[in-house]
Each structure stands twice: as C-alpha cells, then as structure tokens.
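Residue numbers (my numbering), protein chains in the order written: chain Z, 1 to 565; chain D, 1 to 565.
Keep in mind that the hints were calculated from the coordinates and are not lab data. Heads up, a few of these hints could be off.
Below, a list of computed lysine to aspartate or glutamate pairs in the DMTMM-like style, where the Cα atoms sit at most 25 Å apart [stated by the list, open to error]:
1. D:K555 / Z:D216
2. Z:K527 / D:D368
3. Z:K555 / D:E240
4. Z:K494 / D:E240
5. D:K311 / D:E274
6. D:K408 / D:D368
7. Z:K558 / D:E335
8. Z:K311 / D:E49
There are 2 protein chains.
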Amino acid sequence: MMKKEQRINYPSSHKIYVKGKIHDIEVGMRQVSLTATVNIVNGKNVSEENPPVTIYDTSGPYSDKDITIDITKGLPRLRQKWIEERRDTECLQDFSSSFGKIRLADKSAADIRFPIVHKPRRAKNGQPVSQMYYARQGIITPEMEYVAIRENLRNEEQGLKTMLTPEFVRSELAAGRAIIPANINHPEAEPMIIGTNFLVKINTNIGNSSLMSGIDEEVEKAIWSCKWGGDTLMDLSTGEHIHETREWIIRNTPVPVGTVPLYQTLEKLNGNIEDLNWEIYRDTLIEQCEQGVDYFTIHAGLLRAHLPLLKYRTTGIVSRGGSIIANWMTKHRKENLFYTHFEDICEILKQYDVAVSLGDGLRPGCIDDANDAGQFAELSVLGDLTRIAWKHHVQVLIEGPGHVPMHKIAVNMEEQLKTCHGAPFYTLGPLTTDIAPGYDHITSAIGAAQIAWYGTAMICYVTPKEHLSLPDKEDVRAGVVAYKIAAHAADIAKGHPGAQARDKALSKARFDFRWKDQFNLALDPEKALEYYKAGRLDDDSGHCTMCGPHFCAMKLTKEMNNCIK
Amino acid sequence: MMKKEQRINYPSSHKIYVKGKIHDIEVGMRQVSLTATVNIVNGKNVSEENPPVTIYDTSGPYSDKDITIDITKGLPRLRQKWIEERRDTECLQDFSSSFGKIRLADKSAADIRFPIVHKPRRAKNGQPVSQMYYARQGIITPEMEYVAIRENLRNEEQGLKTMLTPEFVRSELAAGRAIIPANINHPEAEPMIIGTNFLVKINTNIGNSSLMSGIDEEVEKAIWSCKWGGDTLMDLSTGEHIHETREWIIRNTPVPVGTVPLYQTLEKLNGNIEDLNWEIYRDTLIEQCEQGVDYFTIHAGLLRAHLPLLKYRTTGIVSRGGSIIANWMTKHRKENLFYTHFEDICEILKQYDVAVSLGDGLRPGCIDDANDAGQFAELSVLGDLTRIAWKHHVQVLIEGPGHVPMHKIAVNMEEQLKTCHGAPFYTLGPLTTDIAPGYDHITSAIGAAQIAWYGTAMICYVTPKEHLSLPDKEDVRAGVVAYKIAAHAADIAKGHPGAQARDKALSKARFDFRWKDQFNLALDPEKALEYYKAGRLDDDSGHCTMCGPHFCAMKLTKEMNNCIK
Numbered sequence: 001m002m003k004k005e006q007r008i009n010y011p012s013s014h015k016i017y018v019k020g021k022i023h024d025i026e027v028g029m030r031q032v033s034l035t036a037t038v039n040i041v042n043g044k045n046v047s048e049e050n051p052p053v054t055i056y057d058t059s060g061p062y063s064d065k066d067i068t069i070d071i072t073k074g075l076p077r078l079r080q081k082w083i084e085e086r087r088d089t090e091c092l093q094d095f096s097s098s099f100g101k102i103r104l105a106d107k108s109a110a111d112i113r114f115p116i117v118h119k120p121r122r123a124k125n126g127q128p129v130s131q132m133y134y135a136r137q138g139i140i141t142p143e144m145e146y147v148a149i150r151e152n153l154r155n156e157e158q159g160l161k162t163m164l165t166p167e168f169v170r171s172e173l174a175a176g177r178a179i180i181p182a183n184i185n186h187p188e189a190e191p192m193i194i195g196t197n198f199l200v201k202i203n204t205n206i207g208n209s210s211l212m213s214g215i216d217e218e219v220e221k222a223i224w225s226c227k228w229g230g231d232t233l234m235d236l237s238t239g240e241h242i243h244e245t246r247e248w249i250i251r252n253t254p255v256p257v258g259t260v261p262l263y264q265t266l267e268k269l270n271g272n273i274e275d276l277n278w279e280i281y282r283d284t285l286i287e288q289c290e291q292g293v294d295y296f297t298i299h300a301g302l303l304r305a306h307l308p309l310l311k312y313r314t315t316g317i318v319s320r321g322g323s324i325i326a327n328w329m330t331k332h333r334k335e336n337l338f339y340t341h342f343e344d345i346c347e348i349l350k351q352y353d354v355a356v357s358l359g360d361g362l363r364p365g366c367i368d369d370a371n372d373a374g375q376f377a378e379l380s381v382l383g384d385l386t387r388i389a390w391k392h393h394v395q396v397l398i399e400g401p402g403h404v405p406m407h408k409i410a411v412n413m414e415e416q417l418k419t420c421h422g423a424p425f426y427t428l429g430p431l432t433t434d435i436a437p438g439y440d441h442i443t444s445a446i447g448a449a450q451i452a453w454y455g456t457a458m459i460c461y462v463t464p465k466e467h468l469s470l471p472d473k474e475d476v477r478a479g480v481v482a483y484k485i486a487a488h489a490a491d492i493a494k495g496h497p498g499a500q501a502r503d504k505a506l507s508k509a510r511f512d513f514r515w516k517d518q519f520n521l522a523l524d525p526e527k528a529l530e531y532y533k534a535g536r537l538d539d540d541s542g543h544c545t546m547c548g549p550h551f552c553a554m555k556l557t558k559e560m561n562n563c564i565k
Numbered sequence: 001m002m003k004k005e006q007r008i009n010y011p012s013s014h015k016i017y018v019k020g021k022i023h024d025i026e027v028g029m030r031q032v033s034l035t036a037t038v039n040i041v042n043g044k045n046v047s048e049e050n051p052p053v054t055i056y057d058t059s060g061p062y063s064d065k066d067i068t069i070d071i072t073k074g075l076p077r078l079r080q081k082w083i084e085e086r087r088d089t090e091c092l093q094d095f096s097s098s099f100g101k102i103r104l105a106d107k108s109a110a111d112i113r114f115p116i117v118h119k120p121r122r123a124k125n126g127q128p129v130s131q132m133y134y135a136r137q138g139i140i141t142p143e144m145e146y147v148a149i150r151e152n153l154r155n156e157e158q159g160l161k162t163m164l165t166p167e168f169v170r171s172e173l174a175a176g177r178a179i180i181p182a183n184i185n186h187p188e189a190e191p192m193i194i195g196t197n198f199l200v201k202i203n204t205n206i207g208n209s210s211l212m213s214g215i216d217e218e219v220e221k222a223i224w225s226c227k228w229g230g231d232t233l234m235d236l237s238t239g240e241h242i243h244e245t246r247e248w249i250i251r252n253t254p255v256p257v258g259t260v261p262l263y264q265t266l267e268k269l270n271g272n273i274e275d276l277n278w279e280i281y282r283d284t285l286i287e288q289c290e291q292g293v294d295y296f297t298i299h300a301g302l303l304r305a306h307l308p309l310l311k312y313r314t315t316g317i318v319s320r321g322g323s324i325i326a327n328w329m330t331k332h333r334k335e336n337l338f339y340t341h342f343e344d345i346c347e348i349l350k351q352y353d354v355a356v357s358l359g360d361g362l363r364p365g366c367i368d369d370a371n372d373a374g375q376f377a378e379l380s381v382l383g384d385l386t387r388i389a390w391k392h393h394v395q396v397l398i399e400g401p402g403h404v405p406m407h408k409i410a411v412n413m414e415e416q417l418k419t420c421h422g423a424p425f426y427t428l429g430p431l432t433t434d435i436a437p438g439y440d441h442i443t444s445a446i447g448a449a450q451i452a453w454y455g456t457a458m459i460c461y462v463t464p465k466e467h468l469s470l471p472d473k474e475d476v477r478a479g480v481v482a483y484k485i486a487a488h489a490a491d492i493a494k495g496h497p498g499a500q501a502r503d504k505a506l507s508k509a510r511f512d513f514r515w516k517d518q519f520n521l522a523l524d525p526e527k528a529l530e531y532y533k534a535g536r537l538d539d540d541s542g543h544c545t546m547c548g549p550h551f552c553a554m555k556l557t558k559e560m561n562n563c564i565k
C-alpha cells in the first residue's frame, strides 16, 4: 500500500520563504538554527550567538510542516498560476498522444493509475513557450526571479557579493549558457537553474528495470533523492507500467524530472529495436510532454558515419540509448532517426518547454576509450544540433562522459565549450579508473568534482551499485551524498558567493565542540550522529574517541588560547 | 584469544615471485588468472586466451599458501640476511632504552607481551646505515633492486616502457626525492619506495585510543589493511600497552610501520604535557627504533614565532602532535624541543635507518584556514630541517594538509617542492569541503587524487569515521579502498607505465560479460560480487539488473558487431 503521508525532516531546521521583488513569489529555503558559542573569559562563561545558516533546499513542500502532503493527490501546483497568467498556453480537452489516451481508457490500469487526471496544457498555435524564448524577449519570468533568489541563499543580507540577479539569470538563459527545465505540465516543480555560472547541480537516476522494483518504491526513492539534495531526477524505468509509474513520480516530485523517451518507446515495441519508427517515438514524446517530463535525453548525435570508429574501442558503446540507435541504424542501413527528425522533435518540445539533453551515445565506457575519435565526432554533431534547438528556442543540455582519466578531463570541458557554443554540460561522473566496481560513486565523484570545477553545470550521480545492480534506497543516499560533496567542492573552488559559509559555520561548530550543530550542518546529519554515537561512551565531555580525552588537538588549542589570553 | 593463523585470500589469484638480477632476492606479486574470451565467429564459438594480470601486492606472506603463518611467532625475517651481510650493524645484548628494559622485565606484562624477544640491532660506531647513505655511496642494495622489480609489475615482459631500473631507484634515493622506509629492526617488512616518480602509495592509520580497542583487534586491523592494499601503516595508539601492542604489530606486518613517538612519550607522563622533556622523548625514540618502527612523525617545524598566526584561524591547530608541542612551548616559553634537538634526533635515526616524517602541526583543519600564513611558515622550516636530516643521511618525508579547497591544492604541491628541495610529500587527504562528516573518505579522496596527480608521493587515508570516532574494520576497508582509488587514478593520470593495464583488463572482462574476471580484478572483489548478487535472479544470462535483458548496451554492441562482421 502507498504511504500517503511522506515527510522530510532535517534536525534543528525550519523552512523559510524569501519573497520576490518583481513577482509575487516565495522561495523556500532551509534554515539551520545553531546554539551559542561559550567561551571562558576571566573564569566566566561568555556566550556568543551563532547566526542561523541558510541552505539550498531541494526537499520542496515535504519539509514544510504547514503544507498537507498526500501522495495520492500530488504536490501543490506552485507554477500553475504563473503559467496561466502568461496566456500563451491552453488546456486541452484530451491527451494528444494515442498512448496517453489508451492508458487512460485501460480499465486494468485503474488500480495503479494516479487518482487525479490533470488535463494537459500546450502552447497556443504551436508557438514557443520556453524560458529561453521569454529570456530572448527580454522578459524576466517568475521562474527566473525564483532561481535568482534561490541561488543567492540570502548572501546579500550577509554582505556577500552577488552577481546572481534576475537580469543575469535572464541573460544566461537567452545566451543558452543556462537552462530552467520547466515543463508547463509539471507545475509542481520548483524552478531551478543549470548553468556554469550557478551552483553546480546533481542529477539522480531512479527507475525500475523489468526485473525489479514497484511504483511505491520508485516514489519513495524520488522523495528520498530530494531529501538528500538531488536537484533533478531521471526516471529511467524500463519495466512494466512505465506510464503510470512516471505519473506518480511527476505529481509528487518538487524537482525537474527527466527521461529517455526511447526506453518507453521500445517497451511499446516489446523490445524489438528493428520496429522503432518516427511515429511511435513521436507519440511517446507527446505522451511524456503532456505528463510533465521536464527534459528528454535524445541520442541524436550518433551517426552512421561514427560506427566504424567503434572497432578501436575496448568497450564499444555503453550508453543504452546509443547502442539501441546504433543497432537500428545498422539493421536499417539508415541515418539516425533522431537526427533526421531533430527539427520535428524541437517543434514538439518548444510547445511544452521541455528541454533537450543531447545524449552522448558514444561516451567512453572505460579509461582506454576516453577522448577517442568517436566521442569527439559525436560531440561535434551535438554542437550542430544545439544551434538547431536554439533556433526553436528549445533549451539544451549536452551530456558528457563517462570514464575519463584525470589528465584527460580538462580537454573534455574545453572541447564541449568550444563545440557546443557554451550550452551547459551535464556529465556522468566521469569515473577516473575502471578498477573499483562497488565503489564507483567514489571513482566518479573524483572526476565529477574536477569537471564541475572546470565548468560542468550538472553532474549525474553514480551509485555504489553502478555496473552491478539497480540501486536500493541506501545506494541512492550514498550516491547523492557523494555527488553533493563533489558539487559543493566545485562550488567552493569556483568561488561561488557564499558557498563556503556552510563549511565555515560547520568548522566553527567543530572547534567549539558544538557537536549537534556540526551534525545539523552536515550533508547527512543522521549518518554523522550515528558514527559519533558508535564511538561514544556515556560521558559528554568535549572530545571524541579519535583522540581520546588527553590529546584532542582542538581542546588543547583552546586551552592554550585561554592561557595566552 | 589471539587467532594464530591469519590468511589473506584473493580470488583466482596466486603468488608469483620475480627473481633479482643483481641480488639473490625474490619479489612477491599477485597474479590474477583470467578466463578466455569467447566470440561467435561464423556461428561457432572461438575462444581467445586472456593473459593473467600482475598486481602490486601488499599482503606479504599472508597470501602465500606455502608459508606457515603463526602470529605468535611473527613473519619470516626477509631482510635479516641482507642487513647482516652489510656488516655495518651489530646485534646488541640488551635494549638501549630504559623503557624497553623496564617493559621486558615487567612480569605483569608477560601475558600480553609478544612471545619472542628479538635482540635489537644498531649501526656500528654511530655510522649511518640508511638506504639514502648507501645510495649516495653508489651502492645498489637488495632493497633498491627489490622495489625496482616491485614497481615494474613485469611491464618489460609486456613490452611496456620502464624507467624504473635499480639504478634509477638509487639515484632518486640519493637525491632525497624518494625513500625506502626500512628500519634494520623490522626485517619482516618488504621493501617499498615512496617518491613522486613511483607508484603513489597510501598509508593507513590504526591504533587504540585510551577508550577503545585491544591488541588482537589492532593486529587484525593491520593485516586487514595490508589485504586491501595499504602500503604503510601508522600505529597511532594512545591508550594502554602501547609498547606491547606495537611489538605485536611490527612482528606481524609486512609493510613499513610509522608512529608519532610523542604520543607514547606523553603516556609515560600520564598526559602531562608540561613534563615533556628531551630525555624521555629520546628514550622513547630509541625504544621504538629498536622495536623496528620504520618512520617517525616529528613535529619539529612548528616554532614559537608561528603561534601568533593562530589567531586568524577558524579551527586553530588540528594536529594532535602540533597542539601538544604548541602547548608545551606556551607553558615553558621555550622553543620547540624537537626543533632544538633535531640534530640529536637525526643522530639516533641514522643508526637504525628510521626515516623522519616531518609533521605539519599547523596543517589547516578547515577550508577557511587552508594555505594560510601559519601553514606556509611551518613548511619553510620543514625545508630547513630536510637539509639537516639529509646531512645525516636520514631519509625524509614531508607531511601536508589537511583541508584544502580544490583551487588551492596545486599551490600546496608547488610550494612543497620548492621549499623542501624535492623531498617526497605525504598528505592527509586533503579534504575538499568540511560539510560531510561521515563521508570524509570521499571528501578527501577527491583532494588526494588531485594532489597525488600533481606529485604527492604518499596519501594518508581518511576513513568514514574521521572527526567522529575511531574506525572499525569496515571503516578501515572503506578508507583503504577509497585511497587505492585515488592513488590509482593518480598513477594513470601521471602516466605511470603499466598502471592502466589493470583497468583495460577489467573493462575487457566487463565487455565480455566475464563477470568473475571483472570482480577478481577489482580493488574489492568481495564487495563487487556481493552487490552483483544482490541484483541477480537465478539466471546466468549476460546482463545485470541495471539495464535488464533487453537494453544492455554492451550486449547490443556485440550483436551489432557480429551483424557487421
């Protein structure tokens, strides 16, 4: 049974809302309250307040006690009004895709269907309704102001420099250097921005394969991912009930949701790649656009001409989408249909503001294949496709590797920037060695931190089960936290205003032996507390078991400081 | 009760020995046997052999089935004969340190004492007996040839380029750019080399604090650390029975063992820092030299003049040794006694070939303190001390941070190289953010991989329990594997000959669906297998649960390749 009430709790935290100045909006953030520092001055305890710390919050309404949560009803539709007020979209009477209609009419799916049917919304007269389009018109939308406030983390109030004005957001979107994935049919999602001049974002992948996992579990994983800090969520399901599972996820997810529409298309064809054709793919795109998917991974850059380059590879194609389309091209002796139909695809996407994430079907799957001719040949095509998408005002992400040794990472970023005209880069890791299955969240966090520092806008998490099995909840947590570490390390290295404030507050708490404050500021307060308790005896003195009571360096430093004073 | 028989088993692996050409030596390595690749050609199975992969092996005799292991007797004394044959040392009739004599005479320690007493060995007439000294005489010792063979991993046989000749080893040691920590009283240790032009090494820390852990557990942790790939081992015990615990560890550890002698000195003084003096520290150094400790961390570079720089810090001093000596200086208003007695220290160390690891008492303990004036002021003193140690032919390591954001890591390496005349750098991480207690093996593996790529010779592991508690066995495993990943990623990025061979063999196994070969080549075969099994149903088909049977990219690539052929 579905657990209706799902909550996200963070210790000593409460939700605050920062109001917009241009629009009537409220941006949720997490505020962590801290205890005071107590110093001994002339033998007396002198207390000094520590200001609360504001943290970028991906948990949406789940962490707001004042909002009623009911999974069977879905989240509040935050953006509904903004979208309506633009008056450039219309609510359709019925779903436009054949498949959407069939599923809705299918009585056998009644038990697993999301209980509320939201009629789909689409642009009037086929016009573009993307954030990029508005940005190019010089319009600052509520979404743009929202992300500007969200990224600032109240730095201004703390006297920190900020360049992240709504106008800056607009200009970055207009230039294609950033995107706000925001399907008009996913008004539950809180706007967030992906671009090299903003906080580094992380994507998490969930989804059942035909072998494992059910709807309940996937919804729980989605919320779980948001709890730990996932900025976007890809539903990579390949098993049964993809349509219904996705509906449940989208209605209950406060972050943008991405998919690889090809996967579902093939489910419809019983896995028969040869039968893949434009009509069924097109119907799937529309089906998902009308459900509210915010971005699609489309492997449109892998061309027939690239296939001979595979013979030099150790692990061939490791992208599922890439391998499928390569097979299709080989069997049909035709050019990639996503490439030949790319303008058609853009025509659809722009009417819902679905972003395209140009998949790298030839991403290297091992160190030996990194930065090879195939990879860069495809990247060059992705650059051409970027121009086409932008012509239609479709927002673009470029997907990147994969497995890359450290000394070859920088070149990836440089080539991507040059070839793809500054479109934001979205990489899977990269993994910096192949020899650690079971620990690929670490092999890849090393590479992800570096490439994010060099400018990658979003990094796709890898869990400890990568290459081995589907992740369970604990794997998702391990993957998300590893990637939050990589992203935050990159934010600091990039000098993002205010990124370091949390580190400083946590370290001050550590030095003060304010253990609870330290844990409450941590990426994973529960784990930190659990480990701390594992080593505690029942005393409450100012040390941990690492150094014992006599040789705690920080304790000794404090004593010495007192002595000097 | 002590478990006498300890074994290290790796799947599908056996021990091989490569003979020396100059000396009568045999260097143990691990060889992983692989199964054949089976391709379908014209409808028939065609089998193609995969050569075995040779792996650098830190497990010593524990993984050799032909050697009898008995923890109560200690490991075979591999280097005994080499040391004797140099004829520059003598076996003493009794221990030279007062404490060593007292402990040996103490009947109450009989139950916990290591059963065999090896009389200590010392240089004749106070002359240097260090590997650096021999190297400077132009002598290629068995130790030097041993590490040359060990580092090569039989690359020559595989047609790979190698510069790692015994003569190259000698020249690096003579220049101080590398060290072989090899106390003449630890003949059980297999020679290994630490230097920027060699494979990156990792150190693990074990040791009880006064609060936790016993002798059995520490010996088990030591062997456990060697199993997963720890290259050296620091015993940081601060609790009871330090002397006896260390004896058990050294007699049973096939890798160099390091300590911070100050910790034990303070135990002798019941933790009273004020009572610290040269005589008791000197006695401790001699005690440990004669037990066989291979390198000492000594915080000799932190001077009184540096203390005022602390007031600019968020977390003051986080090095235990640093905080102790800072306290001592403050209380006595005297200069650091390790600094004032540094020549005396070198006089002792050179007679046993104990290397000095110059501790960084002012390493930054948070991102905010990274690369500050205090840190670099101390580094400059470490450079001066390096020259003094080298004058005595004492081998030198330089310890480094700590907590450093990514954009400040490279400067650490550059400054260290410039200031410390090329002596090998040995860093703790660095951690690239402060906000992830519970995951600091990851925050630091990110920094460690980078600094090792830039030239750091050895990285000191950090476990998930860092800042929170003492690590247990599973934490040691997690820390070692994270650091093996960082070290290996750096070896690849540095272009170390042959480093990538293991990645390529593993990836080829992955592409062939030779699952067992893939796991057997992994850093942690057991974990990989466990995760794989977690996702398996009972079939044995060529896919995992990640993609399910239909959309496995590598399976599809193979089909396509067959189709093209």
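**Message:** Holds or violated: K555 of chain Z and E240 of chain D, Cα atoms, limit 25 Å.
**Reply:** Holds. K555 of chain Z to E240 of chain D sits at ~21 Å (cutoff 25 Å).
**Asked** For the pair supplied as a hint, K527 of chain Z and D368 of chain D, is the alpha-carbon distance within the 25 Å limit?
**Response** The given pair, whose Cα atoms are some 24 Å apart, holds under the 25 Å limit.
**Straight-line alpha-carbon gap K311 of chain D to E274 of chain D, limit 25 Å** = Holds, because 22 Å separates the two Cα atoms, which is no more than 25 Å.
**Item:** Satisfaction of hint between D368 of chain D and K408 of chain D, Cα-Cα up to 25 Å
**Value:** holds (11 Å)
**Request:** Take a quick look at whether K494 of chain Z and E240 of chain D sit within 25 Å of each other, Cα to Cα.
**Result:** It is violated: about 47 Å lies between the C-alpha atoms, which goes past 25 Å.
**Request:** Decide if the proposed pair is consistent with the structure: K558 of chain Z and E335 of chain D, CA atoms, cutoff 25 Å inclusive.
**Result:** Since the Cα atoms of K558 of chain Z and E335 of chain D sit roughly 20 Å apart, the hinted pair holds (cutoff 25 Å).
**Asked** Does the structure keep K311 of chain Z and E49 of chain D at a Cα separation of 25 Å or less?
**Response** holds (20 Å)
**Request:** For the pair we were handed, K555 of chain D and D216 of chain Z, check the Cα-Cα distance against 25 Å.
**Result:** violated (30 Å)
Consistency with the previously given hints fails for numbers 1, 4, ordered from lowest to highest.
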